[in-house]
Amino acid sequence: MQWKDGLFVIGFMLCHQVLNQERPNKLWIASLESSWVIALFRDEVLYIHSYIQSYFDCMKGYSKRISEVKDCYNQAIQKAALRHRERRKFLRTTLKELGLILTDQPGLLGPKALLIFIGLCFARDEVYWLLRHNDNPPLQKSKGKTTEDLVDRQMPELLFHMEELRVLVRKYSQVMQRYYVQYLAGFDAIALNQMIQNLQVCPEDESSILSSLCNTITNLSVKQVEENELFDFRAIRLDWFRLQAYTTVSKSPLVLAENRDLASLIDTIVFHTKMIDYLDEILVETSDFFYSKIFEDQFHMCLEFPAQNRYIVAFPLICGHFQSCTHELCPEERHHIRERSLSVVNMFLDEMAKEAKNIITTICDEQCLMSDKLLPKHCAILISQVVNRKKKDKNKKIAPEIAKPGVESYRKTREDLTTMDKLHMALTELCFAINFCSTINVWEYTFAPREYLTQHLENQFAQALGGMVMYTKDTSEIAKPSELFVSVRAYMNVLQTVENYGMCF
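Per the working numbering, the sequence shown starts with residue 253, numbered consecutively.
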């Protein structure tokens, strides 16, 4: 969609005579109202409305067209952000449901492949739109809530569901290969053969291409997939380009425009071949990301928003995409992108582990305090209070009731959440993210998210143990062994319960 809007804007600006027709004019206006910037390359953008106005200013009789562009700009800065926010909201729900269905029924990955890639394309375009427009605000301030709509705290959820679909496609790639190998040999080959026979005119060159294409897909079998044979259909796709070139020249006996069904079928065959031998490249085309520092800002925003913590693993996973952003014609940036992606994924995993460690430490400290309240030395106050109550001395003021251990567990309603409840919920969400995948591959390196948390917990426990001893330098005193034992046991009980969150150490 983002490239289509750019093509409409630039194309119709250069061929502005066709804007007098109804259909081109509608496409032009729709594209101008959907954005105020378009991407030129990566994070380089063009403010389209001001650029078009300056282009039309030097032409006579285009004042009406300039005012139309100004109206489109006002519509864009007032309504575009809200419209795209609602699209992201819809895509979050849709991709989540699609992921749940495909996880339960992986066999649907074959027939629903096109739907998956369309969803990934739409989601990628919406994420790019948000990042691009957030980094390049309107030149004029609008009266609406444009600034608020350009901050999406739920974007990590959309990124996470995109990553889920990518994982499913890679995990069950053989299922998709089996489906499309059978589809090509069992339907596409037969349909193509019938169309070739029904052609009234077919020159020798075109006939040889069509026959070769038909024979190639006819000889496919499921046995090749079971034997893990490597497929390569680049020759078929190149033949399709040759056929288009032959049939679009002037005075060609076989005109492709007059055989739309044939063109549509071969185009479908080309897509089916890509589902067999070009799957990784299709995933790169439909869902890879590359942008600036906003990526890190979104990560920290997600870390501070507990409701989105479980989706935060999408950020380190996306760092594995950066490798596909390099280009053969620009080798000097390869080293920079590599170092950048490695440093960012290391920082993300470290920050996630630190946050989980801080939550666990807070829970441990609270448990140590509660265990300390159960020590015998705290019973004297309660005994004294009971004795004073029996004396019933009216002259003395009644001391306030001392909170007994265990009071914190009483609840009036289930909706009343204590600080400990919130900490446990936050820990559950973070542990889900850390435990989502055992390893993350970025370039030639493999990162283990759990190891980051294990290392932080080991260091924290060593520091906490030193604090529990309560060594006083002046008097050379330490805590009583019984009290130290109670504190260490409380601390260890919390660390052992971390395994209940899916963490295996």
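Read the hints as simulated data drawn from the structure, not as lab findings. Since this is a predicted model, take the numbers as computed values, not measurements. Ideal Cβ positions, reconstructed from N, Cα and C, are used throughout, including at glycine. Among the hints, erroneous ones may be present.
[As the list claims (entries may be wrong)] Taking lysine to any residue and the SDA-like style, the derived pairs with C-alpha atoms no more than 25 angstroms apart in a straight line are:
#1 Lys364 <-> Arg486
#2 Lys674 <-> Thr614
#3 Lys256 <-> Thr614
#4 Lys526 <-> Lys606
#5 Lys625 <-> Gln496
[To be verified] Label pairs and their calculated CB-CB ranges:
#6 Ala559 <-> Asn752: 58 to 68 angstroms
#7 Met553 <-> Asp309: 36 to 46 angstroms
#8 Val453 <-> His579: 35 to 45 angstroms
#9 Ile633 <-> Asp668: 51 to 61 angstroms
#10 Glu556 <-> Tyr697: 21 to 31 angstroms
#11 Glu660 <-> Asn752: 32 to 42 angstroms
#12 Ala731 <-> Val536: 57 to 67 angstroms
#13 Ala700 <-> Ala509: 54 to 64 angstroms
#14 Phe493 <-> Met553: 39 to 49 angstroms
Between Phe493 and Met553, does the beta-carbon spacing fit 39 to 49 angstroms? Holds, since Phe493 and Met553 (Cβ atoms, about 45 angstroms apart) stay within the stated range.
Are the Cα positions of Lys526 and Lys606 separated by 25 angstroms at most? Since the Cα atoms of Lys526 and Lys606 sit roughly 42 angstroms apart, the hinted pair is violated (cutoff 25 angstroms).
Could one say that the CB atoms of Val453 and His579 fall in the range 35 to 45 angstroms? holds, 43 angstroms
Beta-carbon spacing of Met553 to Asp309 - inside the hinted bounds 36 to 46 angstroms or not: Holds - the Cβ-Cβ distance for Met553 and Asp309, about 41 angstroms, lies within 36 to 46 angstroms.
Verify the proposed pairing of Lys625 with Gln496, using a straight-line Cα cut of 25 angstroms. violated, 83 angstroms
Could you say whether the range 21 to 31 angstroms given as a hint is met by the Cβ separation of Glu556 and Tyr697? Holds, at about 28 angstroms.
Given the hint of 57 to 67 angstroms, is the C-beta distance from Ala731 to Val536 inside that range or not? Given range 57 to 67 angstroms: holds, Cβ gap about 58 angstroms.
Below or equal to 25 angstroms on CA atoms is what counts here, so check Lys256 against Thr614. violated, 51 angstroms
Is the hinted pair Lys674 and Thr614 satisfied, with a Cα-Cα distance of at most 25 angstroms? holds, 12 angstroms
Tell me if the beta carbons of Glu660 and Asn752 are separated by a distance inside 32 to 42 angstroms. violated, 20 angstroms
Are the Cα positions of Lys364 and Arg486 separated by 25 angstroms at most? Judged against 25 angstroms, a Cα distance of about 23 angstroms means the pair holds.
Honestly, do Ile633 and Asp668 meet the 51 to 61 angstroms range at C-beta? Violated, since Ile633 and Asp668 (Cβ atoms, about 28 angstroms apart) do not stay within the stated range.
Violated hints, in rising order: 3, 4, 5, 6, 9, 11; the structure is consistent with all others.
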